[in-house]
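Input sequences plus hints: build the corresponding full structure.
Those protein sequences? They're chains A and B, same order as listed. Okay, so the first sequence: first residue is 80 according to my numbering, each after it adds one. Okay, so the second sequence: first residue is 35 according to my numbering, each after it adds one.
Read the hints as simulated data drawn from the structure, not as lab findings. Please note: incorrect hints may appear among the correct ones.
If the Cβ cut is set under 10 Å, some of the chain B residues that face chain A in the computed set are [stated by the list, open to error]:
1. Q40
2. P43
3. V47
4. L68
5. A75
6. T79
7. F80
8. S83
9. S85
10. A125
11. N131
Far from chain B, by Cβ distances over 12 Å, these chain A residues were calculated [what the hints assert, rightly or not]:
12. T81
13. N97
14. E107
15. E131
16. L140
17. P149
18. F153
19. S166
20. R190
Ideal placement from N, C-alpha and C gives every residue a C-beta, glycine not left out.
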Amino acid sequence: DTGVSQDPRHKITKRGQNVTFRCDPISEHNRLYWYRQTLGQGPEFLTYFQNEAQLEKSRLLSDRFSAERPKGSFSTLEIQRTEQGDSAMYLCASSLGGVLYNEQFFGPGTRLTVL
Amino acid sequence: DQQVKQNSPSLSVQEGRISILNCDYTNSMFDYFLWYKKYPAEGPTFLISISSIKDKNEDGRFTVFLNKSAKHLSLHIVPSQPGDSAVYFCAASGAGNMLTFGGGTRLMVKP
Chain A
80 DTGVSQDPRH KITKRGQNVT FRCDPISEHN RLYWYRQTLG QGPEFLTYFQ
130 NEAQLEKSRL LSDRFSAERP KGSFSTLEIQ RTEQGDSAMY LCASSLGGVL
180 YNEQFFGPGT RLTVL
Chain B
35 DQQVKQNSPS LSVQEGRISI LNCDYTNSMF DYFLWYKKYP AEGPTFLISI
85 SSIKDKNEDG RFTVFLNKSA KHLSLHIVPS QPGDSAVYFC AASGAGNMLT
135 FGGGTRLMVK P
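Set out below in structure tokens:
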């Protein structure tokens, strides 16, 4: 399977704990995006990388959220001191860079439940 | 401020008929538009896209129409099949590559 993969698929945690999610993009894609989707809404953009450079992070929801892509391949999204309002589906997508218009291909998501 | 809106939360269509899903946007800086389909417990799957220099793009049973003056796009599915039943999201992109999504329309195709 050469699609976008995410791990874990489901995460249940207690309020106040830290969680980290991983995303592996399509191998030839150098752009990687993180989105969050809550029930009944469309995905909401959080941040994106071109190779290892994080080019947009102003949409991260608070300073408890951070993302990395240290070697320009996989990426991690960390949420510190989780709150019940963080419960959502976290989606990763990847796309080719260097073209004017490019489709983003999504992984299956990580569903986070904060108790 | 919702920049991309899908005003119909659901749509029911008979198998074999046409499904028309609508989307409106407010940001004139958007220049690339996409439709995604989503099944429960899966990520969105890319369906079809259109750039702002075109007004129509067709791929098999799927056609997307763009009316820039009205800031409106639509997705036509002909003929509709039961396997098309899913939630459909329109999305728009401008400078910066981030996608702005609408709230989705649940399509139900009845056999």
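Hints and how they fare:
Given hint, Q40 (chain B) at the interface with chain A, holds; its Cβ is 8 Å from that chain's nearest Cβ, closer than 10 Å. Checking P43 (chain B) against chain A: minimum C-beta separation of about 8 Å stays under 10 Å; hint holds. Among the interface hints, the one on V47 (chain B) is violated; its C-beta lies about 21 Å from the nearest C-beta in chain A, farther than the 10 Å criterion. Nearest Cβ of chain A to the Cβ of L68 (chain B): about 6 Å, under the 10 Å cut. The hint holds.
Because the closest C-beta pair between A75 (chain B) and chain A is about 8 Å apart, less than 10 Å, the hint holds. The restraint placing T79 (chain B) at the interface with chain A holds, with a minimum CB-CB distance near 7 Å, inside the 10 Å limit. Hint on F80 (chain B) holds. Least Cβ distance to chain A is approximately 5 Å, under the 10 Å limit. Satisfaction of the interface hint for S83 (chain B) is found here, the shortest Cβ-Cβ separation to chain A being roughly 6 Å, below the 10 Å cut-off.
Interface hint at S85 (chain B): satisfied, since its Cβ lies 5 Å from the closest Cβ of chain A, which is below the 10 Å cut-off. Contact between A125 (chain B) and chain A, as hinted, is supported at the beta carbon level, the nearest pair being about 7 Å apart and thus within 10 Å. The interface hint given for N131 (chain B) is met, as the beta carbon of that residue sits about 6 Å from the closest beta carbon of chain A, less than 10 Å. For T81 (chain A), the requirement that its beta carbon stay farther than 12 Å from each beta carbon of chain B is met, with the minimum near 15 Å.
At roughly 24 Å from the closest C-beta of chain B, the C-beta of N97 (chain A) stays outside 12 Å, upholding its exclusion from the interface. In this structure E107 (chain A) is separated from chain B by more than 12 Å, as the shortest Cβ-Cβ distance comes to about 16 Å. Interface exclusion of E131 (chain A) from chain B stands, the closest Cβ pair being 16 Å apart, more than 12 Å. Annotated as non-interface, L140 (chain A) keeps its C-beta farther than 12 Å from every C-beta of chain B; the closest such distance is 14 Å.
Even its closest Cβ contact with chain B, about 21 Å, leaves P149 (chain A) beyond 12 Å, as expected for a residue assigned away from the interface. Interface exclusion of F153 (chain A) from chain B stands, the closest Cβ pair being 16 Å apart, more than 12 Å. Distance check for S166 (chain A) against chain B: the nearest CB is about 15 Å away, which clears 12 Å, and the non-interface claim stands. Chain B draws R190 (chain A) into its interface by the beta-carbon criterion, the shortest separation being 8 Å against a cut-off of 12 Å.
Comparing the model with each numbered hint stated earlier shows that hints 3, 20 do not hold.
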